[in-house]
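If you read the protein sequences in the order shown, they are chains A and B. FYI, my numbering numbers position 77 of the first sequence as 311, with every residue one higher than the one before it. FYI, my numbering numbers position 14 of the second sequence as 60, with every residue one higher than the one before it.
None of these hints come from the bench; they were simulated from the model. Keep in mind it's a predicted model, so treat the numbers as computed, not measured. Just so you know, even glycine gets a beta-carbon here, dropped at the ideal spot from N, CA and C. Be careful, since some hints might not be right.
What the hints assert, rightly or not - Label-pair ranges, simulated between beta-carbon atoms:
(1) 357(A) to 165(B): 32 to 40 Å
(2) 169(B) to 285(A): 40 to 48 Å
(3) 131(B) to 285(A): 51 to 59 Å
Unchecked claim - Example chain B residues on the side facing chain A (calculated, C-beta under 7 Å, incomplete):
(4) 112
(5) 113
(6) 114
(7) 117
(8) 121
(9) 125
(10) 206
(11) 209
(12) 210
(13) 233
(14) 237
(15) 248
(16) 250
(17) 251
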Amino acid sequence: MPEIFIAFSYKDVLYLLQASLVTVALCAMAFSCGLVVALAIGLMRTARRVRVLRFVAAAYVEVFRGTPLLMQIFIAYFGLSIIGLQLPKFVAVSIPLILFTGAFMGEIVRAGIEAIPRGQWEAGWSLGMSYMQVMRWVVVPTAVRIMIPPSVGFLVQLVKGTSLAYVVGYVELTRAGYIVSQATYATMLVFTLVGLIYFGINYPLSLASQRLEARLKRHA
Amino acid sequence: MTYTFHWEVPLREWPAFLWGALATLEMSGVACLLGLVVAVACALARLSKHRYLRGPATAYVEAIRNTPFIVQLFYVYFGLVTVGINLEAFTVAIITLTINCGAYCTEIIRAGIQSIHRGQSEAGLSLGMTYMQVFRYVILMPTLRVVWPPLASQFIATMLGSSVVSQISAEELTYAGMMLESRTFRTFEIFFFIAIIYFVMAQFFSILFSLTGKRVFRRAWGQL
């Protein structure tokens, strides 16, 4: 074998672990900003009086759930450069992930709000509370408890979703794995490691989501 | 903004996209059907009393559900080459999609089976139904009714997720777009156009499955 290949060493493991931090950062960015979008979408979807808001939010969710995340990443990434925005790669890759999170978490927010019986709203109003007050003191405390298990479950989906930043050449865990595998030729070893790191991030989240859901069921 | 859009590029090349869309449907359809077979076997294994059946099935489901599809794809693609098996990218894509879809469907089927109480089949038998009648009216139809909507969403998820297989050059819709992109450089227009095709297909199948579900299971009353 020609000497252009570098032997796989502990340095590559460190490189992969470093890249997994990028994955986690991407995920944190997308989740925290996506949550803001999701709150807006969830509130719009549950607006009873304003049909336009409901329609816009429903269309948003349908579009982002009805197209591949891969396409969303491509379109946002190249679309941003078309409108002349030169953003750092991290931000450019985060934007489609934020919008994706907004759509999926928006549905979770909606389900949480809708799980609160209508009677509680009416009770609040008849006590003279405003929309915001009922939301703050009656709906949110219960809705948040309902939203937590599926949100943690969504995090797993998001961590997996960040792997698609690979396609635009952003170096996160999957791309890093690809680079190391091309340089060292230890393909199977590298992708086993990459898979294990993803599993190590996601499995605790999956377990937590299941436990939280079981606990919610017991208390309900 | 100085960019001029050239929407005629993707429109002109519609036969390539039609072919790509059909390839995507073929690929995800085959993968889902095979995945369903895997899923029924694994769901039964997960519910089995034997630990050595339950363990591997659980490990399979958890491993697949907690890792990204693209990593699974590379693993199978390069793994098969490493052990000396050279398959077409399209075949590798179907194999990986089957493995992936099978794991998600296992959980759906398992939930479906668990939704039927043991007491119900006993009730059926004590009403004088034969085993076949109990199986058909008390077990099969209600289970199918429970699993139908999530299986339909899973098919759509698999179809959308299959766009990733373009990364190993399996020839489907996204790959057709990438080929055209490398000839024309109209990246945005092409991928926007493809996203619309995916969206239309997803909506179409969503409505189709929902209507068939309503029609087929209208008379299957069983407990939900």
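Status of the hints after comparison with the structure:
Judged by the Cβ atoms, the range 32 to 40 Å given for residue 357(A) and residue 165(B) holds: they are separated by roughly 39 Å. At roughly 46 Å, the beta-carbon separation of residue 169(B) and residue 285(A) lies within the given 40 to 48 Å, and the hint holds. The hinted window of 51 to 59 Å between residue 131(B) and residue 285(A) holds, with their beta carbons roughly 57 Å apart. Contact between residue 112(B) and chain A, as hinted, is supported at the beta carbon level, the nearest pair being about 4 Å apart and thus within 7 Å.
For residue 113(B), the suggested interface contact is upheld, since its CB lies about 5 Å from the closest CB of chain A, less than 7 Å. Satisfaction of the interface hint for residue 114(B) is found here, the shortest Cβ-Cβ separation to chain A being roughly 4 Å, below the 7 Å cut-off. This hint holds: residue 117(B) has a C-beta 5 Å from the nearest C-beta of chain A, less than the 7 Å allowed. Contact between residue 121(B) and chain A, as hinted, is supported at the beta carbon level, the nearest pair being about 5 Å apart and thus within 7 Å.
Annotation: residue 125(B) was flagged as interfacial toward chain A, and the flag holds, the nearest CB pair being 6 Å apart, inside 7 Å. Checking residue 206(B) against chain A: minimum C-beta separation of about 4 Å stays under 7 Å; hint holds. Using the Cβ-Cβ criterion of 7 Å, the hint placing residue 209(B) at the interface with chain A is satisfied: the shortest such distance is roughly 4 Å. Because the closest C-beta pair between residue 210(B) and chain A is about 6 Å apart, less than 7 Å, the hint holds.
A least Cβ separation of about 5 Å between residue 233(B) and chain A falls short of the 7 Å threshold, and the interface hint therefore holds. Proximity of residue 237(B) to chain A holds as hinted, the smallest CB-CB distance being about 4 Å (cut-off 7 Å). With its C-beta approaching chain A no nearer than about 4 Å, residue 248(B) sits inside the 7 Å limit, and its interface hint holds. Residue-level restraint check for residue 250(B) is violated (minimum Cβ-Cβ distance to chain A is 10 Å; threshold 7 Å).
Annotation: residue 251(B) was flagged as interfacial toward chain A, and the flag is violated, the nearest CB pair being 10 Å apart, outside 7 Å.
The structure fails to meet hints 16 and 17 from the earlier list, while all remaining hints are met.
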